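Visitor: Here is what each chain is made of, one letter per residue.
2 protein chains.
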Amino acid sequence: MDKLIVTIDREYGSGGHEVARRLCDRLGLKLYDDEIIEMAAMNTGYMKDYIKYNDETAPQLNIPSVYSGIDTFQTATSNKIQDEEFRIIRRIAEEGNCVIVGRAADYILGDIPHISIFIFAPLVDRIRRKLALIEINGTDPMTEYEMEKKVKQRDKQRRKYYEFYTDNKWGAHVAYDVMINTSRSGINAAVDIIEAYIKGGKGKDLLSDM
Amino acid sequence: MDKLIVTIDREYGSGGHEVARRLCDRLGLKLYDDEIIEMAAMNTGYMKDYIKYNDETAPQLNIPSVYSGIDTFQTATSNKIQDEEFRIIRRIAEEGNCVIVGRAADYILGDIPHISIFIFAPLVDRIRRKLALIEINGTDPMTEYEMEKKVKQRDKQRRKYYEFYTDNKWGAHVAYDVMINTSRSGINAAVDIIEAYIKGGKGKDLLSDM
Numbered sequence: 509m510d511k512l513i514v515t516i517d518r519e520y521g522s523g524g525h526e527v528a529r530r531l532c533d534r535l536g537l538k539l540y541d542d543e544i545i546e547m548a549a550m551n552t553g554y555m556k557d558y559i560k561y562n563d564e565t566a567p568q569l570n571i572p573s574v575y576s577g578i579d580t581f582q583t584a585t586s587n588k589i590q591d592e593e594f595r596i597i598r599r600i601a602e603e604g605n606c607v608i609v610g611r612a613a614d615y616i617l618g619d620i621p622h623i624s625i626f627i628f629a630p631l632v633d634r635i636r637r638k639l640a641l642i643e644i645n646g647t648d649p650m651t652e653y654e655m656e657k658k659v660k661q662r663d664k665q666r667r668k669y670y671e672f673y674t675d676n677k678w679g680a681h682v683a684y685d686v687m688i689n690t691s692r693s694g695i696n697a698a699v700d701i702i703e704a705y706i707k708g709g710k711g712k713d714l715l716s717d718m
Numbered sequence: 509m510d511k512l513i514v515t516i517d518r519e520y521g522s523g524g525h526e527v528a529r530r531l532c533d534r535l536g537l538k539l540y541d542d543e544i545i546e547m548a549a550m551n552t553g554y555m556k557d558y559i560k561y562n563d564e565t566a567p568q569l570n571i572p573s574v575y576s577g578i579d580t581f582q583t584a585t586s587n588k589i590q591d592e593e594f595r596i597i598r599r600i601a602e603e604g605n606c607v608i609v610g611r612a613a614d615y616i617l618g619d620i621p622h623i624s625i626f627i628f629a630p631l632v633d634r635i636r637r638k639l640a641l642i643e644i645n646g647t648d649p650m651t652e653y654e655m656e657k658k659v660k661q662r663d664k665q666r667r668k669y670y671e672f673y674t675d676n677k678w679g680a681h682v683a684y685d686v687m688i689n690t691s692r693s694g695i696n697a698a699v700d701i702i703e704a705y706i707k708g709g710k711g712k713d714l715l716s717d718m
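Read top to bottom, the protein sequences are chains A and B.
Each residue of the first sequence is one higher than the one before, counting from 509 in the numbering used here.
Each residue of the second sequence is one higher than the one before, counting from 509 in the numbering used here.
Read the hints as simulated data drawn from the structure, not as lab findings.
Note that this is a predicted model, so its numbers are computed, not measured.
Please note that the accuracy of each hint is not assured.
[What the hints assert, rightly or not] Example chain B residues on the side facing chain A (calculated, C-beta under 7 angstroms, incomplete): (1) Ala-549; (2) Thr-690; (3) Asp-700; (4) Tyr-705.
Each residue gets a CB set at the ideal place from its N, CA and C atoms; glycine is no exception.
When you get a sec, could you build the whole thing from the sequences and use the hints?
Guide: Okay, here's the thing in structure tokens:
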């Protein structure tokens, strides 16, 4: 692998962004998460907030019809934003030495050698972590029930997005190199694992290393 | 964690046994794979081959009935053998510093701190690896079609076994700490990853490491 490209997909609240951030700090890689939204705003002229609203979201319906009353404008816009994000992801990968978070990047870069990571944790821990972060950051408080709904809704949104644009099931192991349960490992050991994998040069593949 | 206990479950042909063996070599741990069969033979008095035949296999039916003609003797024997294997696994874990392969050990040791690994690879690579091993070892040749059937059948057997004795789906990420695609990593980098995870002391958990 000439250029190091790491994609990190993640369940909501599992600390995937934080794993990506620390991995970048440790290895001097560039982080692309919401940075992709800013780049898409620059390129399309849409407002950042509008792109964020459509970011990592499947089009609401993709069968336009004058009879159904479906908002085909929304669908077309959503597709246009995703297309731009996918172009950006491929351009980022050409530069290399980067970590790309979410946005089906593992699939978009299917033909480009890269390391594909999935970060997950049990639902109950992700709810607790998000509630703890609210307390730390002093943002609007939520009940545990409200947070459970939010976490599930965001997972569902990411799943629908991933499965709309790829052939794979979100979070099913076949799509990934390594999957890490941060509830067991914590954030730093997750970074240790990815670092060991990279430094082992990804090893040989299964068929040349028996 | 006082004692180091690693469980490794694996898809058939993914090199899980080889990962376990090299991990044991590298860290001076004891390997328990078919060793468990030998121990169960000693303890139950059944022949090794008979235990191997029932090993990692769900009972064929668990509803005995004089009307159905179901072989309840086979069912009872299978359960007895599994029970003995589970007792052995818990005894092994008490000693610690070991790697236990398969046999739903991650679930059997649910209340004992341990590291739970799942090794997988795409079907096509596992078929090729098993065919290559036949060539290397000079055992009876098989066609690709025959090997595909065998690999799928063994996976199915392991899945049924795992799901009969546990509450989890076999290979679904929720049950594991780390899952590794050996088709991407190779065997040695898989060992690197597990070593990094162990030496990081497993890190803190998600909620104390934000």
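Visitor: Now look at each hint and say whether the structure bears it out.
Guide: Each hint tested on the structure:
{"no.": "1", "hint": "Ala-549", "verdict": "violated, 29 angstroms"}
{"no.": "2", "hint": "Thr-690", "verdict": "holds, 5 angstroms"}
{"no.": "3", "hint": "Asp-700", "verdict": "holds, 4 angstroms"}
{"no.": "4", "hint": "Tyr-705", "verdict": "holds, 5 angstroms"}
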